[in-house]
Structures are given as C-alpha cells and as structure tokens.
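Trainee: In order, the protein sequences belong to chains G and D. Just so we're on the same page, the working numbering is the position in the first sequence counted from 1, plus 109. Just so we're on the same page, the working numbering is the position in the second sequence counted from 1, plus 109.
In short, the hints are calculated from the structure, not lab data. The C-beta atom is built at its ideal place from N, Cα and C for all residues, glycine as well. Treat the hints loosely; a few may be bogus.
Away from chain D, derived, C-beta distances all over 12 Å, residues of chain G [as the list claims (entries may be wrong)]:
{"id": "1", "residue": "Ala129"}
{"id": "2", "residue": "Trp180"}
{"id": "3", "residue": "Pro191"}
{"id": "4", "residue": "Thr206"}
{"id": "5", "residue": "Pro223"}
{"id": "6", "residue": "Glu354"}
{"id": "7", "residue": "Arg415"}
{"id": "8", "residue": "Gln416"}
{"id": "9", "residue": "Pro430"}
{"id": "10", "residue": "Val478"}
Where chain D lies over chain G, by a calculated footprint (3+ residues, C-beta under 8 Å) [claimed, not checked]:
{"id": "11", "segment": "156-168"}
{"id": "12", "segment": "387-397"}
Protein chains: 2
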Amino acid sequence: MSAIPVATGPGLPSLPARIAEPGEAITLEELRLASRNHAMPLEALRHELTPVGLHYLLIHYDIPELDPAHWRLMLGGAVEHPMVLGLGDLRARPRVTHTVTLECAGNGRAQLEPRPLSQPWLDGGVGTAEWTGTPLAPLLREAGLADAAVEVLFTGADHGVERGVEQTFARSLPLAEALREDVLLADTMNGAPLPPQHGAPLRLVVPGWYGMAHVKWLTGITVLTEPFTGFQQTTAYRLKQEADEPGEPITRIGPRALMVPPGFPDFMSRARICEPGGQLLTGRAWSGRPPVTGVEVSTDGGGSWRQASLGPAPDEYAWQPWHHHWQPPGPGEYRLMVRATDADGREQPVGQAWNRQGMVNNAVQVVDVVVRER
Amino acid sequence: MSAIPVATGPGLPSLPARIAEPGEAITLEELRLASRNHAMPLEALRHELTPVGLHYLLIHYDIPELDPAHWRLMLGGAVEHPMVLGLGDLRARPRVTHTVTLECAGNGRAQLEPRPLSQPWLDGGVGTAEWTGTPLAPLLREAGLADAAVEVLFTGADHGVERGVEQTFARSLPLAEALREDVLLADTMNGAPLPPQHGAPLRLVVPGWYGMAHVKWLTGITVLTEPFTGFQQTTAYRLKQEADEPGEPITRIGPRALMVPPGFPDFMSRARICEPGGQLLTGRAWSGRPPVTGVEVSTDGGGSWRQASLGPAPDEYAWQPWHHHWQPPGPGEYRLMVRATDADGREQPVGQAWNRQGMVNNAVQVVDVVVRER
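All chains, full assembly: derive it from the sequences and hints.
Mentor: Here you go:
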C-alpha cells in the first residue's frame, strides 16, 4: 500500500545497536553524527523563533536533492481518489501558519548512564519555527478515506541503511492525529522557503509530537487499513528496556524547561562564569500536552525550588518564556536547575528514566556556574 | 589602543590545552563543542552557495546579543579622524558582494593522531556564501592612517575565557591585507541579513584567509602602531610542535578538495553503499592562494591518481566544482580519495602534517564505499 516501496537488504554494512560500556567516552561514530546533526546553542533560547541555522537538525541519512519543478507528492492507498500533486497545486490551497516547537525524541540521550550509542544529544535537540503550508485534513477528506482506514503513512525521500535494514524514511500517524486541523504540509519556515536540511520542498508538521513524526522531503502519503510496521515505527522510536521487547511507541513531547546559561563560558569546558550580583535567569519551557503550567528553578542543586514567572506561548504547541531573578548570596560555585510541569500533570524527573534507545530523556537541566568576586 | 578593552583574569575555570592519549576516544568537552559548532554535511557540496544552516560555524564563546539599533562600530587608534558608525552609516556607503569560501583553521583536527583536544572537526569545517557589505579600505583611508600604522585590530562582542585568559575575541591583520579592496564589512549573507550565529549585525570578511580572521559581531576597528599580541594572535592559531614555542601564524587557507560521498549511508557508521555501475564523483576544491590548478582522484586508496575535470570559481576566493566519472570494475570495497593543488604549487598531503593545535590539516579526504552486487 506504500506509495514509495520500502526496500530491505540484509548484509549491508551497518552497526548494531549498542549501549556504551560504563565510563566509555564518546565514539567516533557519535562525533560524526553530532557534527552533522547540530543542537540549538542554548543562548538561542532568547529567540522566540529560532533563526534558521540554530534550529536543531536530525537527518538519518543524507539530505536528498529534490528538484522542486519535478517533485511530486503522491497521495494514495485506501482512498477513493488518489492524487498526484505538484508544489503549485499545494500552494494554491488554503494556507495557514503555526508556530511549533520541535524536539528530537532522542534529546538528552548522551546524558544517560549508560549511554545508548546513537545521535549523542546533550540538551539542545530543540527549536521553534513558524511553519506555513496547507492543512492536511481537507486534502485527506477530498481524497475520500476508505471506511477501513486506520493510519496514514508519510514517506520521505531520504534513503539509507539502519541496523542492516535498507529503507526510505517513513512514519505513520493514527488516523485521528492525521485529521487534526493543525497538521500541516509545510513549504515555508520562518517566512522563507524550506531550507534543504529542513525537508525542502515539503515536510509534514505535527504540532506536539516529537520530531520523527514531522517527515521531511515528503513524497508519499498513503492511507493504510493496517498499522504500519516499518523500521522507524516498530523498531526505532520505542521506549524499551530490552532489545527484544516491542516497547511503547514515542508520540508527544514530554515537558521540558531550559535556561540560557548565565554569564560567559570557557571555550573548551563550557564552564560558566557570572559577574557578582543579581542574575536574571531566563529560558523557555514546552510540552506536547500544553500548556506548561509551572516552571521551577533551583539554585542550590535541587535542595529547594522556586516558581519562575511564566509567560504566554505564541501558539498552542510553542514554547513559553520564563524568567527568575536570582540573588546569589556571594561568590562561589552554584548548581542551577530548572523543571517544567505540563497540563497533563507530567513533571520533569530530576534523575534519569533510562531506556535502551535513549528516548525522551527529559531529566532536568543542570548548569554549574561560578559567581566571581567583585 | 584597543577600542574595546580586552580584560584578562587569572584563576577562572578553564581547561589547559591537551593532546589526546594514544587511542583516546572523543571527550565530553569535544562533543559539547561539536554539538554547537556544526560542520557542513558533505552532500551540501552540491550547492555552489551553502544554504544558511549548512555553512560551518565556529563560535568560541556564546553568540552575543546585539541590538542593531544601538550597536555602533568604533574606528580608532592611530588615525586622524576616529569614527563612530551605525548600521545606517555603513549601509549608505558603497556596497559590494563577494562569494567567498570560508574554512576553519582547525578543519581536519580530529583526524590527527594524536588528536589535539579542541573543536573536533572531521572534514566539514567549510562553507561558501555571498557576503555583501562595504569595503573596509576606503573607510580606513578616510579615517587617515598614521604613518606609523602597521596592523589593524578587529574586536568582536563575543566574550569568554580560554586557557585561563578572559578575553573579548580580537584578531589583527597586517596593514597591507586590511587595505585590500576585497576585504569587506559585511551585514548580508546570501542576500539576507546576517544571522546571529554568523556575526549579526556586522562581520569582517577577508577572502582567502582562514575563518579566525573574519571577526564576527564586530564592534571595534583599531589601527595599531605595534603588532597585536592578544591571545587569538600569539597563543592560539599558531603552527607549533611544542607548547612553549611561539610558532608560525595561521594566515591563508591551504588547498583542499572534498567529494560528495557517493551512494547512500548507514545511519550510525556513515558507511557508504553504492549501486553497481558507473559513478559520477563530484565535489569542490579551493585554496586561499587561488586558483586550484588541479584536482586528482584515486579510487584505489592512493595507488593511482587521475585528473578530475575542474570548473570555474564564481569568484576569486570561492571554491571550484570538479567531477570525475568512475567505473568500478565490480562489486566490492573501494577507498576513494581526492586531492587539490593550487596556483602556489601547494598540494594536499596524503598523510598528516601534525601540529600541536591541530591547525590546517588538509590531508586528503578518504571515503570508503561498498559497491554492491547487481
């Protein structure tokens, strides 16, 4: 039923999933991924809209080269009227803009102990952009969904191998999610054409879900009458403890608050030095089950917590600004922490919730600072 | 004489320069830097102008927050007429555009053995952009250079600590280089306002020089009658074998050719798989002593080399496209390499030219591929 066949081939060069040995340093494979898939530097939290180039990126294979003039979107599967759409067709349809915070499901992975080896995110696998495009739901309704439809599969143009499985990146959504009015086929990011690395010419945007659902370089939309069982759905992006258990699927973003590290850094260690006197701590907080209902700050390593002032989000699934005035009692070393709670009552854990793929690690951010002498 | 005082402070938390132990894996400090300072993914070599967000970034400290409305450039030191210039003043002056390839002086560092610990570049610390702004030389002439002037110091707004030395990033150019007609004060990148991470609102562009000379977040230009002895001039960015020798200063970019890795990758290992049959190998080559006069390709691990076809550069100091048709004799493993020679007769070394800071490692790129069975 897939518009784009997903091939598999055994015997291709591929590394098995592995957990780092206790104390094992970062591997060359992780460095290669980190140098491609960059984090948002945390000082960029000062921007409500993350400038292009500072927004996080996670690209499984290579950035595909698609010629917008020849690119087509195939909408098929369990529909009455399959469609082939060009960019002009999509741009002639109703257009909406949503400001959406996207986060990689693996954000925080490299802070887990022991560390699952994959893209080694610390805490910057996040960003917020204004996505413009046409809503998906009316298009699906026009195509005429079969009564038996249960999921919608989205296929990108990015092709590679992962743990021995050759594949074209593909992920499905439950029908109810695909029919939400705020799910977009976006061709515009922050008012400019989608950059190649963010899915040009067209990507899916599913507000509230982790990044893997927002399929980039979209070429196929296929309505399914059985749940999709492809690699990125049933093998990757699962919460598991053991390699051989099916695990739970990853869906919506957990709550997280991050702060702009105050003061200035050391180049190599990124240690932070603050001037003496009061500090305005600022940052943003978000959840895929919005709104964030509270942000708390600790300046004594988690011994005590105070409510920060929380501002409004620019859109339903976009991050909210927070700030907190901190008066350090004097020079010395301090451990700053921040945590968010969302509308669903979920709260960030202070410690880790380990899982084998290093998914959804939203343990609280820790920022060590030295307040220097006057 | 500096328009912006450069403070130093001992005792601040900072790591000493260190060389990795033999076989030592990547450290957490290196990963932190790599997650901020991202490389250009090599498939982006297909773009003559690197899209914003794919161009490499090297930011020593934090991205400073500068309000363009209140930002001012101070031009002073050994001049008759010191100036304070706003963005409007600069934009009212003559404007020129140059397409320039920028490369980090540390590109290739993490491939050295043993590995100097700093930003752990593999081979993607490069990018090409169209920079628009006003030429520096007429501004210096209007300011009236003192007869005793020998260098021009450029000071950014980025502030931090490096090996115990607190500093605001600053680098000087010899007077003759600063007076080149193609040295720009750029406020525009690829036709759009400079993004925060590339130096907004204003940066220096010195075509042909490694990236450290292109001072970002420029706030001060100071004409000097003695050579600048600041950290980034006399401690960092030097070719040295021993920590205590002065070393040679880093200036112009050495020759380098890179190829788009052919085929498709494995997610984790980045191993490459090619379909059977002929391969069109493509890439770009550049040098700070242009033009590149030859690009050679080896498909047998350096056993033999063939001339690639070399195209023209879009500008004097921009990379040149090359391509080479390769017919693999059959399925199997191949080691592809590419090397450039420039107008100065400099050729990329096949092996490394080790130095303590991991500078200008332009050893040839190596891409291992598996050509699969039909």
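Trainee: Which of the listed hints are not met by the structure?
Mentor: 1, 10, 12
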